[in-house]
Amino acid sequence: MEDESLTQLLRDARDGDPAAGNRAYALIYRRLHTAARQQLRLRSERHATLTPTALVNEAWLKLSAAQYEIADREHYLAMASAAMRQIVVDAARARASGKRGGDAVHVTLNEEAGGDELDVGVLALEDALQRLEKLDARLAQVVQYRYFGGLTEDEIARLLGVTDRTVRRDWRKARAFLHAEIRGAS
Amino acid sequence: MTPDDRTRRALSLFDELVDLDEATRAPILASLLREDSVLHAEVNALLAADSRDGMLERTMLSLLPASEHDDALPARIGPWRITGVAGRGGMGAVYLGERDDGQFEQRAAIKLIRLGMDTPQLRARFLRERQILAALVHPNIATLLDGGVTDTGAPYFAMERVTGQPLDVFCDGRKATLRERVTFFLQVCAAVQHAHQNLIVHRDLKPANILVGDDARVKLLDFGIAKLLDHDGPVDTTRERPHTPEYAAPEQLSGGTITTATDVYGLGVVLHRLLCGTAPDGASPSRAATRATDEQVQARGLASKEALAKSLAGDLSAIIQQCLEPEPSRRYTTVAALSQDLRAWLDGRPVTARAPTRGYVLTKFVARHRWGVAAGVLLVLAIGSGVAGVVWQAGKARRAAAEAQAQLEYLTSLLHILAPSTAEARELDRSRLIAEAARKARAELADKPESLAGVELALAQVAQNTGDSRQAIELADAAVALRRSVFGDDAIPTAKALLVAGAVRTQVKPPRYDEAAQAIDAAIAIARKQAPASALLVDGLQKRSTVFGDQDQLADQERVIGEAAALCDGALSAEVVCENVWDELGSIASRNRRSEQALVALRRAWEAKKKRLGTDHAETLEVAGQLAWAQAEAGDVAGGLVLAEEVHAANQRIYTQPTETSLRAMMRLSRLLKRSGQYERAEKLLDEYLAHSRRLFGENHQNTILGASDRASLLFGLGRFEESAAQFEATTKAYTVAKSDINAALTQGYRADAMREGGHAEQALPLQLGAIATLRTLYPKGENVMLARALSNLALTEGALGQHESALAHHDESLAMHARLKSTVPTVAYPRALRGKTLFDVGRSAEAEQELRAAVKDLLVMKAPSPNQYWEPFGLLTLVACANHATDCDALRAEAKKAQALTLAATARARLRQATAP
Chain B
0 MEDESLTQLL RDARDGDPAA GNRAYALIYR RLHTAARQQL RLRSERHATL
50 TPTALVNEAW LKLSAAQYEI ADREHYLAMA SAAMRQIVVD AARARASGKR
100 GGDAVHVTLN EEAGGDELDV GVLALEDALQ RLEKLDARLA QVVQYRYFGG
150 LTEDEIARLL GVTDRTVRRD WRKARAFLHA EIRGAS
Chain F
0 MTPDDRTRRA LSLFDELVDL DEATRAPILA SLLREDSVLH AEVNALLAAD
50 SRDGMLERTM LSLLPASEHD DALPARIGPW RITGVAGRGG MGAVYLGERD
100 DGQFEQRAAI KLIRLGMDTP QLRARFLRER QILAALVHPN IATLLDGGVT
150 DTGAPYFAME RVTGQPLDVF CDGRKATLRE RVTFFLQVCA AVQHAHQNLI
200 VHRDLKPANI LVGDDARVKL LDFGIAKLLD HDGPVDTTRE RPHTPEYAAP
250 EQLSGGTITT ATDVYGLGVV LHRLLCGTAP DGASPSRAAT RATDEQVQAR
300 GLASKEALAK SLAGDLSAII QQCLEPEPSR RYTTVAALSQ DLRAWLDGRP
350 VTARAPTRGY VLTKFVARHR WGVAAGVLLV LAIGSGVAGV VWQAGKARRA
400 AAEAQAQLEY LTSLLHILAP STAEARELDR SRLIAEAARK ARAELADKPE
450 SLAGVELALA QVAQNTGDSR QAIELADAAV ALRRSVFGDD AIPTAKALLV
500 AGAVRTQVKP PRYDEAAQAI DAAIAIARKQ APASALLVDG LQKRSTVFGD
550 QDQLADQERV IGEAAALCDG ALSAEVVCEN VWDELGSIAS RNRRSEQALV
600 ALRRAWEAKK KRLGTDHAET LEVAGQLAWA QAEAGDVAGG LVLAEEVHAA
650 NQRIYTQPTE TSLRAMMRLS RLLKRSGQYE RAEKLLDEYL AHSRRLFGEN
700 HQNTILGASD RASLLFGLGR FEESAAQFEA TTKAYTVAKS DINAALTQGY
750 RADAMREGGH AEQALPLQLG AIATLRTLYP KGENVMLARA LSNLALTEGA
800 LGQHESALAH HDESLAMHAR LKSTVPTVAY PRALRGKTLF DVGRSAEAEQ
850 ELRAAVKDLL VMKAPSPNQY WEPFGLLTLV ACANHATDCD ALRAEAKKAQ
900 ALTLAATARA RLRQATAP
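Read top to bottom, the protein sequences are chains B and F. Residue numbers 0 to 185, in numbering that gives the first Met the number 0, belong to the letters of the first sequence in order. Residue numbers 0 to 917, in numbering that gives the first Met the number 0, belong to the letters of the second sequence in order.
Any given hint could be a false lead.
Claimed, not checked - Which bits of chain B does chain F cover? Going by a derived footprint, with three or more residues having C-beta under 8 Å, they are:
no., segment
1, 56 to 62
2, 126 to 139
3, 146 to 152
4, 156 to 165
FYI, nobody ran anything at the bench for these hints, they're computed from the structure. Note that the Cβ used here is the ideal one computed from N, Cα and C, for glycine as well.
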């Protein structure tokens, strides 16, 4: 399942092969999904807490070839951020639809919040993020990289071709917007 | 500017402003507010969001649910939201769940069983059975709250969440002595005995299922569940069996017949472990003790293994060994007998388990059947027929002992029917089991009528408990006939049987009150002659009083309950039957508005029940609910409301499915809410009540009618008079069908009130006259508060029609009646105010004002607890005073105007509006 070299797929994608891009994304999604699940199990047993950054980096180590270019890694980070966001949203949607009468066996959440509240929160966040994409695509991009991908400000600055001060300002704006929006929605 | 443009602008303004200090920022925001208030609001929201924590402060991974693997928590099981896992085992997992219907939160431990329940029949049986298990209410049993089958076919049980330690761990932890351990163990016995009396066998007794909470109360978990699974699960030999081999009786391992004796074995193993520290291994407990560790010895407060062995040798060893007999029939036949022996050990009395070796004062005959003697103490089916006493006097009365023996042997065989092992027998439901048992008893005990009568009576009670009233009557009658022939028409045993025969007749549908009265009267007559100051007589009087009440013979009811209450004031006050007497006395006093008397009686009943059954027992809660009502009636509506809320909350906590008593509590709460002006919640509760009542009892059941009538009166309060009248009409019809003439007349009167207030006084009048005519025949002495109220309401209708003179006459009659009834001052003040208005209408305006002022003053105490009762007369007073050009007219009007902001009944609001109209 993970025999295909991610590094090669990313290069093919950059060379204009859309199918390779899709395969790369699917590969990353699967890898991160598995890693996240393992992480959550560990968390409940040992109260270990892994950051998204560590998760994404670990997956990169698993997926990438020994030799890679900076472009490969940056490409991966962008895709991984998108994939993580997707994973969170998919899980919330699955739960929410399950509550309307789907499968009986559902996953539940961490100890920090009530389930319904969490699902509503995740879906509201996603809605807000989509609106932010329309308003200012770069702000949404920063959120995706920083929050979902766990990227550092430097990494984000390089990916977006801006200064890290701009990344910080963008984050503050985006954060205020999203929190205000989620609050307004609920 | 589109909304998106505005938000973009807001984001850039935010960017400019966010790092500025408050003083610099304020004027900029102020000018923004003048220019574009919408934009200002958006910017403000962004600034506010910036300064507080939100979702993005959580780590992203915390937004992810745990994985969907086996070990993941399900989000929901049935109605339960799962919040955690308590443990996992071979059978499945135990989850922690919560149920929340908006008002109340209930917490449970939910056991999800790992096996499929495939066929609809199995599911149906499973669901039926859980109802019976849910009825198992005992202070030492963790209540089954709910049970069902998930969408994927996995059965689950939701049980009262008990936090505590397993009994053995608990005892070791507190270094409990053997005596203390036996005392704790007796609580386990009480629980198991209660279940057996309800025809439920546990089958999986082990320390892990026996928890002790912080209050040192033992709670037994998983009642009857093992049996359900064992019988209902699919055939699958690889499946882990529900029982635990170490604690399983031989017959469980060999697939033999499971009876209550199986639990006796399980109890023996638990006792063995509790006392010796190890599971039994075939050796005697005292020998097992020599293998105990030093730790175990110390945990029992003893110095050495030898000391432990010595303590166990003799009685305790014999008791444990009798539980552990491989042959079920050689064990204690009942848990009661085991308890009795343990108590005997605690008291230093001889125990029956050692009868053969100790030369007890028993006859040889009895000694040869020692298990039977042990069983004689309480008997399998809670026979209250005095057999126990008979057995203990066995040495003196050999014949009686023989009879008792026969009865015991029979009952042992009965157990095998009740816990059948063949597939065919499993299909028998409880009614058929009882019928089968009776048939068997009559065949086998034909030559022992005394024993047979006892068995029949016991079975009658079992039948009654399982809801089979017809069979209960048949059995009780047979017992009466037998006892008449054996003991004579005038004997106490005959009286006891007659009481059962009478009581079961009130439960059948439709009730046979006349027959019940006849049987109970016969019993009372015997009791007066043979035992004039006995619990039996009190029991008879109380039961008779209930029947009088059911038949609307209220004066007789009071007379009879008064006699019972007098007996309970004396030496009999500790008798359980007295609780019922006080309860009933309280209800009657409540109904007749003698609130002080009601409070005293109900509080007495409540205290007694709390002491005997615990605060959360269904019976205790029922009395608490009545007490809440009585408190409100006595003027303390707020206090009553608090208690009623507590009762309702406890019910919600305890029962997943509403019961008759929990519904009554719901209705009382709704009424108290209504009285304190909280119409919305009152209506919501009432709708809930009606939905449950219709489902549980049907449309024409008196509980449903009562709810409908309450709803009608709520609608009246809300000013929806047409709807109210229609609902009252339906209620009257239902009561007429049910032959409850008082209620039919009362609701007819209320319907008339609704019609009058809705502007149809002329149609209301004949209805009201009819209702009062009926009430007069039902209260021949003419002294009843209901009649007094009806007269006052009639006067209102006459007033609405301009017939002021006859209105005044009816008001006078009503007040005279109140005076004779010694109604309280506030109770009289309200009709007095209404009369005041009529005085005004007939032109006696000065007198009217005086009356109204006095009435309003008397009603001041009702202002807070029952605002309608205060403000309606206040409105009338304002109207009259201002018409009389009283000097305080403006002040009265101002206050009346202010009161219109309160939540009041429509009629009270209408009076206030009329009073303040220009």
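field: Numbers of unmet hints, in rising order
entry: 1 and 4
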